[in-house]
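Sequential numbering of the sequence shown, starting at 450, is according to the numbering used here.
Everything labelled a hint here was simulated from the structure, so no lab data went into it. Please note that a few of the clues may not be correct.
[What the hints assert, rightly or not] Capping the alpha-carbon separation at 20 angstroms, the derived lysine to aspartate or glutamate pairs in EDC-like fashion look like this:
{"#": "1", "residue 1": "LYS470", "residue 2": "ASP514"}
{"#": "2", "residue 1": "LYS559", "residue 2": "GLU522"}
{"#": "3", "residue 1": "LYS466", "residue 2": "GLU485"}
{"#": "4", "residue 1": "LYS451", "residue 2": "GLU491"}
{"#": "5", "residue 1": "LYS508", "residue 2": "GLU462"}
{"#": "6", "residue 1": "LYS498", "residue 2": "GLU522"}
{"#": "7", "residue 1": "LYS525", "residue 2": "ASP535"}
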Amino acid sequence: MKIVICASLDFTEEIKKTADKLAELGHQVVIPRTSEMILSGEVTLAQIKEEKNNGQIYKRAIRQDAIRSYFQEIEKSEAILVLNLDKKGVKNYVGGNTFLEIGLAYYLRKNIFFYNPVPKMSYSAEIKVMQPVVINGDLGIL
């Protein structure tokens with residue numbers, strides 16, 4: 450199955466480990482382009498965090514056409530896996546871009562898998578409406 454991993458860039462190392470495990474299970478996996486750049490050394494996670502902190506990350510996203518290009522990957526996939534880990538004091542965090550990607554996957558009738566349960570956030574109800582399948586860390590379910 451072709452699976453797109455959706456997650457915060459802060460989780461890049463975990464994204465890589467998860468992608469490798471899914472590939473071992475026979476899946477074709479797509480990860481965010483910026484995560485690929487971090488893993489290849491083209492940019493550091495510290496640089497990305499600095500861009501986020503100073504409000505300039507949107508410039509990189511525009512240059513890379515990041516949202517549209519990842520939407521296209523989701524469109525070509527069979528499923529998304531939301532790698533929702535703890536961040537900013539929120540258990541199983543789902544950020545803005547990931548929320549957009551979940552909405553697109555829902556609209557396109559893709560399978561939506563959550564690595565962990567839906568977080569308690571202001572938009573938890575909207576996430577639950579999209580009926581993600583929570584796998585509780587068990588990639589074998591996919």
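Check: If you draw a straight line from the CA of LYS470 to the CA of ASP514, is it 20 angstroms or shorter?
Finding: violated, 28 angstroms
Check: CA of LYS559 to CA of GLU522, is that 20 angstroms or under?
Finding: Status holds; Cα separation ~12 angstroms.
Check: Does the structure keep LYS466 and GLU485 at a Cα separation of 20 angstroms or less?
Finding: Satisfied, since the Cα-Cα distance of roughly 12 angstroms is no more than 20 angstroms.
Check: Are the Cα positions of LYS525 and ASP535 separated by 20 angstroms at most?
Finding: Violated - the C-alpha atoms of ASP535 and LYS525 are around 28 angstroms apart, more than 20 angstroms.
Check: Does the alpha-carbon distance linking LYS508 and GLU462 stay inside the 20 angstroms limit?
Finding: violated, 23 angstroms
Margin query: Check whether the Cα positions of LYS498 and GLU522 lie no farther apart than 20 angstroms.
Written below: violated, 24 angstroms
Check: CA of LYS451 to CA of GLU491, is that 20 angstroms or under?
Finding: Distance of about 26 angstroms is beyond 20 angstroms: violated.
Checked against the numbered hints above, the structure breaks hints 1, 4, 5, 6, 7 and satisfies the rest.
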